[in-house]
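Since the structure of chain A is provided, determine the placement of chain B on it from the hints.
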Amino acid sequence: MSRDATPPPAAPRLSMRMRRALWVWGFLALPVLFYGVIRFYPTLDAFRLSFTDWNLMSAPKYIGLENYRRMLAEPEFWQVFRNTFAYLVLGTPISLLLSFTVAYFLDRIRFGHTLMRALYFLPYITTASAMAWVWRWFYQPAPTGVINAVLGDLGLAQMDFLRSTTWALPSIMVTAIWAGLGFQVIIFMAGLRSIPTTYYEAARIDGVGEWAILRRITLPLLKPTTVFLVVFSSIGFLRIFDQVYNMTTNDPGGPLGSTKPLVLKIYQTAFSSYEMGYAAAQTVVLFTILLLVSLGQLWALRKR
Amino acid sequence: MATADTPAPRLRFARIRPGRIITWTLLMIGGLLMITPLLFMFSTSLKPASQIYDLRLIPASPTLANYAEVLSDGRFLRWFLNSSFVAITVTAANCFFDSLVGYTLAKFRFRGRQVVFIAILSTLMIPTEMLVIPWYLMSAQFGWLDSYWGIMFPGMMTAFGTFLMKQFFETVPDDFLEAARIDGLNEFTIWWRIAMPLVTPALSALAIFTFLGNWTAFFWPLIVTTSKELYTLPVGLTSFAVEQAIQWEKIMTGAALATLPTLALFLALQRFIVRGVMLAGLKD
Chain A
1 MSRDATPPPA APRLSMRMRR ALWVWGFLAL PVLFYGVIRF YPTLDAFRLS
51 FTDWNLMSAP KYIGLENYRR MLAEPEFWQV FRNTFAYLVL GTPISLLLSF
101 TVAYFLDRIR FGHTLMRALY FLPYITTASA MAWVWRWFYQ PAPTGVINAV
151 LGDLGLAQMD FLRSTTWALP SIMVTAIWAG LGFQVIIFMA GLRSIPTTYY
201 EAARIDGVGE WAILRRITLP LLKPTTVFLV VFSSIGFLRI FDQVYNMTTN
251 DPGGPLGSTK PLVLKIYQTA FSSYEMGYAA AQTVVLFTIL LLVSLGQLWA
301 LRKR
Chain B
1 MATADTPAPR LRFARIRPGR IITWTLLMIG GLLMITPLLF MFSTSLKPAS
51 QIYDLRLIPA SPTLANYAEV LSDGRFLRWF LNSSFVAITV TAANCFFDSL
101 VGYTLAKFRF RGRQVVFIAI LSTLMIPTEM LVIPWYLMSA QFGWLDSYWG
151 IMFPGMMTAF GTFLMKQFFE TVPDDFLEAA RIDGLNEFTI WWRIAMPLVT
201 PALSALAIFT FLGNWTAFFW PLIVTTSKEL YTLPVGLTSF AVEQAIQWEK
251 IMTGAALATL PTLALFLALQ RFIVRGVMLA GLKD
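Listed in order, the protein sequences are those of chains A and B.
Take the first sequence: its letters are residues 1 to 304, numbered as in this note's numbering.
Take the second sequence: its letters are residues 1 to 284, numbered as in this note's numbering.
One chain only, chain A, in its complex shape (with noise of 0.2 Å):
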């Protein structure tokens, strides 16, 4: 401040701005550095692997698209990219249906709000790794499996849960949905009270059935908070590792891969096989994968 006002009107403006630059790369010197050596190099890393052949032992051999075609020859693959769809395609439509519906009716619910909101939430912020053993004892055979006792007290027949290579899938499914059905009520929720109460009164006044407002007021008005959620949701799906890894540990995937999804697949190619050119090919697959589903997201919303 001092040394400003000393020198000529016209050399302070320029050494001003001159010194705020050096404030602005001063500040961004740390995060560029950051951003630079943690996120874009690392990505163009894992590009350049998909195309060699390296087991960490030896120096890696570029192979070309060698390691892509293998992977579309190998069964397996095909296997974990249809599970990691199946939790994809039931899990997403299932949850957000349930969210949607306890958003919809808990919102117009005054009595004991904040206590059956936080009975909803509580899921979301427990650890997924140590639910999924919960949810494992769960699913157990009869004497110590909780659901099966249940079902045997009331005389139904016992389920095979986590050892059925057509409900294990499923079985963990549920717990997954779990674990984020909070977060997505909560996100409805804040959606819902966006919504100016002037449509709604309107709407009223004209005579519109509840069943119309909802289909014609309040869907079409909560689209963007739907279509981030459906993205959100798929993304998670898409990603499910923590509980598959957690509740299939003496045979992780299976039973017979059944449960397998690309992530778990990634993780034994990289950190088991000690494949990491074929696992990074596994990795760029991911990443088009989530690319196409937020490239959707940005479609979905400029349509409107």
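Simulated from the structure, these hints should not be mistaken for lab results.
Quick caveat, the model's predicted, so the values are computed rather than measured.
For glycine and all other residues, C-beta sits at the position ideal for the given N, C-alpha and C.
Some chain A residues judged to face chain B by a derived CB distance under 7 Å, without partners named:
no.: 1; residue: P42
no.: 2; residue: I125
no.: 3; residue: A279
From chain B, some residues computed to sit far from chain A (all C-beta separations above 10 Å):
no.: 4; residue: Q51
no.: 5; residue: T63
no.: 6; residue: L71
no.: 7; residue: G74
no.: 8; residue: A92
no.: 9; residue: S147
no.: 10; residue: S204
no.: 11; residue: K228
Computed beta-carbon distance windows for the label pairs:
no.: 12; chain 1: A; residue 1: S272; chain 2: B; residue 2: K228; range: 13 to 21 Å
no.: 13; chain 1: A; residue 1: S272; chain 2: B; residue 2: I21; range: 51 to 59 Å
no.: 14; chain 1: B; residue 1: I246; chain 2: A; residue 2: T288; range: 35 to 43 Å
no.: 15; chain 1: B; residue 1: W149; chain 2: A; residue 2: M16; range: 34 to 42 Å
Same frame as chain A, now just chain B:
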């Protein structure tokens, strides 16, 4: 219209009342179902091994023996401290750097601003899973494997936090900052002392999100740590549970220990957390 309109609300009111009660009851049942896994987890952790087939929610003879045994060798305490250290450090780093970058992008006009912003934002598209292999190789090269820094370095700054903070700093009036400049404060002090206190709601949302995310993080800590002393709570719990095989009361105790800190945090800060989630979730 007008004639049909007057009785309608009263009629609807009368019709809705019992509906409301049914709705309330159904929602309550759903809510209780949601916390059933938590209730069973705590209940079983308080039961002796001989009673775990007794599926009553209230233990017949509650005991803290499982907790005493699980905590006795100090592993859980160690993992708890590891997780705390990692989550708090990463949260502090995010609050500092994401705010600083968000502020710079929101409040300064300079060449390259748009490029920096788009570059940072574009990293949102890159999934962690794609980066873990290069991070692992990088860590191996620099000797970061199996170290606290190794667990923490990938999350020290996030595009999500930067974007969130930028949006909130944009609402801070420039006049405030100009006035501070005229008073002769330097740019760092202006950010730290003038701008930061004006965005505390966003800052606390960011802090809660970052803390929860790092407390429950599993994938990267599982990859980067190999020695049990460095495990975070989620990774430690997995190794513990595998080792216990079918001693479910011990596993439930471990799971309860991993879950208790965030539950306590939630009960203490419920309003804050829910508002934070709304704030952060509705960023677009």
